[in-house]
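Engineer: These protein sequence lines map, in sequence, to chains Y and G. Using our numbering, read the first sequence as starting at 2 and increasing by one per residue. Using our numbering, read the second sequence as starting at 337 and increasing by one per residue.
I should point out that these hints are in silico values taken from the structure, not numbers from a laboratory. Any given hint might turn out to be false.
Said to hold, decoys possible - Where chain G lies over chain Y, by a calculated footprint (3+ residues, C-beta under 8 Å): (1) 67 to 78; (2) 117 to 131; (3) 298 to 305.
As the list claims (entries may be wrong) - Computed list of lysine to any residue pairs in SDA-like fashion (alpha-carbon distance at most 25 Å, straight line): (4) G:Lys419 - Y:Ala301; (5) Y:Lys315 - G:Leu421; (6) Y:Lys315 - G:Ala423; (7) G:Lys419 - Y:Leu308; (8) Y:Lys208 - G:Pro426; (9) Y:Lys326 - Y:Phe26; (10) Y:Lys208 - G:Phe404; (11) Y:Lys315 - G:Ala342; (12) Y:Lys208 - G:Pro619; (13) G:Lys419 - Y:Pro314; (14) Y:Lys208 - G:Arg371; (15) Y:Lys208 - Y:Asp334; (16) G:Lys419 - Y:Leu304; (17) G:Lys419 - Y:Leu311; (18) Y:Lys315 - G:Arg430; (19) Y:Lys322 - Y:Ala201; (20) Y:Lys208 - G:Phe431; (21) Y:Lys315 - G:Lys419; (22) Y:Lys208 - G:Gln620; (23) Y:Lys322 - Y:Gly24; (24) G:Lys419 - G:Leu499; (25) Y:Lys322 - Y:Asp334; (26) Y:Lys194 - Y:Phe26.
Predicted, not measured: the structure shown is a model, and the values here were computed from it. For each residue, glycine too, the CB sits at the ideal point set by N, CA and C.
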Amino acid sequence: MTRNRVQTVDKTSFMKSKGTFLGAFIVLLALFPLLQFVTGSLNYWLYMFLYTFMYIAMSSSWNIIGGYAGYVSLGHNVFFAIGAYFSGILLVYYKVSPFLTAPFAGLVAMVVGLAVGLISLRTRGSAFIISTIAMIMLVKISLDNWDYVGGASGMSGPFLQISREYSKMPFYYAMLLIAMGAVYTSYRIRHSKFGLGLRAISQDETKAEVAGIPTSMYKILAFAISGLFVGIAGALWGYYLTYLKPDIFLTIGIATHMVLMTVLGGKGTVAGPVVGSIAFIAINEYFVTELGSTELNIAATGLLLILVLLFFPKGIVGTLKERGKLPAVLDWD
Amino acid sequence: MTLTEALQVLLLGITLGGVYALMASGLTLVFGVMRIVNIAHASLMIVAAYISFQAFKLYDLDPILSIFITIPVMFLFGAGLYKLLFARLPSDARFGELTVLLTFSLALIVEGVLGYFFTNTYRSSNPSYATDAISFDTLYLPRGQFYATLISVGLILLLWAFLQFTRTGNAIRATMQNPTAAQVVGVNVERMSMIAFGLGTGLGGAAGAMMSFLFTFYPGKHWEWVAILLSLIVLGGMGSLLGALVGSFVLTISAAYVSYFFGPTWSPLTFFLALFVILLVRPQGMFGKKMEAA
Chain Y
2 MTRNRVQTVD
12 KTSFMKSKGT
22 FLGAFIVLLA
32 LFPLLQFVTG
42 SLNYWLYMFL
52 YTFMYIAMSS
62 SWNIIGGYAG
72 YVSLGHNVFF
82 AIGAYFSGIL
92 LVYYKVSPFL
102 TAPFAGLVAM
112 VVGLAVGLIS
122 LRTRGSAFII
132 STIAMIMLVK
142 ISLDNWDYVG
152 GASGMSGPFL
162 QISREYSKMP
172 FYYAMLLIAM
182 GAVYTSYRIR
192 HSKFGLGLRA
202 ISQDETKAEV
212 AGIPTSMYKI
222 LAFAISGLFV
232 GIAGALWGYY
242 LTYLKPDIFL
252 TIGIATHMVL
262 MTVLGGKGTV
272 AGPVVGSIAF
282 IAINEYFVTE
292 LGSTELNIAA
302 TGLLLILVLL
312 FFPKGIVGTL
322 KERGKLPAVL
332 DWD
Chain G
337 MTLTEALQVL
347 LLGITLGGVY
357 ALMASGLTLV
367 FGVMRIVNIA
377 HASLMIVAAY
387 ISFQAFKLYD
397 LDPILSIFIT
407 IPVMFLFGAG
417 LYKLLFARLP
427 SDARFGELTV
437 LLTFSLALIV
447 EGVLGYFFTN
457 TYRSSNPSYA
467 TDAISFDTLY
477 LPRGQFYATL
487 ISVGLILLLW
497 AFLQFTRTGN
507 AIRATMQNPT
517 AAQVVGVNVE
527 RMSMIAFGLG
537 TGLGGAAGAM
547 MSFLFTFYPG
557 KHWEWVAILL
567 SLIVLGGMGS
577 LLGALVGSFV
587 LTISAAYVSY
597 FFGPTWSPLT
607 FFLALFVILL
617 VRPQGMFGKK
627 MEAA
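Build the full structure now, drawing on both the sequences and the hints.
Structural biologist: This is the structure in structure tokens:
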């Protein structure tokens, strides 16, 4: 009894210190760009960070349907494209800043997720995965043929009117914000009845249904929620690039990255996508600087994914946790 | 649209149907026997297309005859891949998802390696029949498409005969129906799976040879193809050979009409729209059995 109590006390005080640690870390990340005013020429690092934040947001979102519910989607870049085009159209034709419209772009992506989910999630397993690939093609062909948004050659928007030196900063903060938002959402879902239901679905859907979990509703909801931050990320990324083209937003590569980062970090864990995104981007950057950017990078991505799937199916976080070596700071499950 | 035009479009659709059916048959066979959705199927087809293309360019080998090279090469390649990647996977609940991710990664590897060696230039072989046409009265038949479809349908018939009348074929069909029961009555399921995977990629090899002169291709092209082929086999019912055949003809003919009315850039949309419609009304496809968590 006493021991038990001691442990509980320990745990709460520990949770507190973990919270302090994470808070301090986020404050540091928020202060980091200010160094630009002092030293200048941090643009490379700002870019690397904002790119990483974006993928943390996207893979954490993907994890909600792909990890918690166990429904692998290979078409999540559709939400990315929808977000980008929604905000892009408003920017080009109505001159509204994507920083204002991005949340709505996320909502639009979510609504599309609901609609697609209603159809796609009638199937399980392989057929579902196939339908997500078909979703990419469906949207790509439509955008390729839609003259209003420039068709296959795309359209370009105005630059953000800030000097080049500081132009990355607003994107840095926006991406940091959505990364935090996505991880927090993922955390809250993981520790809710809804999250429990999703995990039950991933383990045995029939039993979950028998146990009274509204599986269809849960799956569709998870799919839609997982589209939200991906849509917002798309809106911001489109503005950052200043041009929109189906070939950029609807390559299977972006979807692959979300899957790979989550699997690498640990599917179904809260910290997994975060760790996976950082690890993957670091590895990839290393390869690009060492070997140059060639087609072999695509092959290396595939090889890495195969090795992780075969030998570390639980990913970095999952494997460390299993061996009891996961640093407590990363144990958010 | 006059009657002649309608017939002409129908003819064009039919002459593509056989080729699509050949492409889809390998995919559906592999799914039927092993429950593996081979996302890398189209990338292996592209490998065969490059083999055929190089043989034509360097040794002037007719692309249709090159199937005698691409089929055995891709058969061995597929059987080896099976041994390397799938033979020892545990058949638990995560099997379907795991195999999709594995074949997906495999497709990335193939795409990357092909891109490294052959660059992303668009390729196509041009034997004399590729641009030629047979004409009857007011109608015409593109010669290349016509030959390709004849050979494709012939190969599918061969496959059917093999599955129907040989001992190995029967064993493969037994594995399709019920792997556990097949094992009990003495079928070497492991070996049958390897052969079936090899056959699947071998058929893809033949399809790749056809592809080399019918369509332009480059290493990244396989995503588009595999998405179309997957739609075909979902429509037909996953794992059903007859379904793949019927699905292919139905959709290529529909796509030909879509192309006629709305322009060729819209025609691939037919496949994906059909996929969503079928998921909505009959998720198991035309000839499929109701699929559980496969």
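Engineer: Below or equal to 25 Å on CA atoms is what counts here, so check Lys419 of chain G against Leu311 of chain Y.
Structural biologist: Judged against 25 Å, a Cα distance of about 14 Å means the pair holds.
Engineer: When you check the alpha-carbon spacing of Lys315 of chain Y and Lys419 of chain G, does it fall within 25 Å?
Structural biologist: Holds. Lys315 of chain Y to Lys419 of chain G sits at ~23 Å (cutoff 25 Å).
Engineer: Does the structure keep Lys322 of chain Y and Ala201 of chain Y at a Cα separation of 25 Å or less?
Structural biologist: This hinted pair holds, its Cα atoms lying about 20 Å apart.
Engineer: Given the hint that Lys315 of chain Y pairs with Leu421 of chain G, test it: the Cα-Cα distance must not exceed 25 Å.
Structural biologist: Cα-Cα ~18 Å, so holds.
Engineer: Please verify whether Lys208 of chain Y and Pro619 of chain G have alpha carbons no more than 25 Å apart.
Structural biologist: Distance of about 21 Å is within 25 Å: holds.
Engineer: For Lys208 of chain Y and Phe404 of chain G, compute the direct alpha-carbon distance and say whether it is at most 25 Å.
Structural biologist: violated (50 Å)
Engineer: Taking only the CA atoms, is the gap from Lys419 of chain G to Leu499 of chain G under or equal to 25 Å?
Structural biologist: holds (22 Å)
Engineer: Below or equal to 25 Å on CA atoms is what counts here, so check Lys208 of chain Y against Arg371 of chain G.
Structural biologist: Distance of about 22 Å is within 25 Å: holds.
Engineer: Holds or violated: Lys208 of chain Y and Phe431 of chain G, Cα atoms, limit 25 Å.
Structural biologist: Between Lys208 of chain Y and Phe431 of chain G the Cα gap is close to 18 Å, so the pair holds against 25 Å.
Engineer: With a cut-off of 25 Å on the C-alpha distance, tell me whether Lys194 of chain Y and Phe26 of chain Y pass.
Structural biologist: violated (29 Å)
Engineer: Need the status of pair Lys326 of chain Y, Phe26 of chain Y: alpha-carbon distance at most 25 Å?
Structural biologist: holds (21 Å)
Engineer: Within 25 Å, alpha carbon to alpha carbon, are Lys419 of chain G and Leu304 of chain Y?
Structural biologist: With a Cα-Cα distance of about 17 Å, the restraint between Lys419 of chain G and Leu304 of chain Y holds, given a limit of 25 Å.
This entry does not satisfy hints 10, 11 and 26, going by the numbered hints stated previously.
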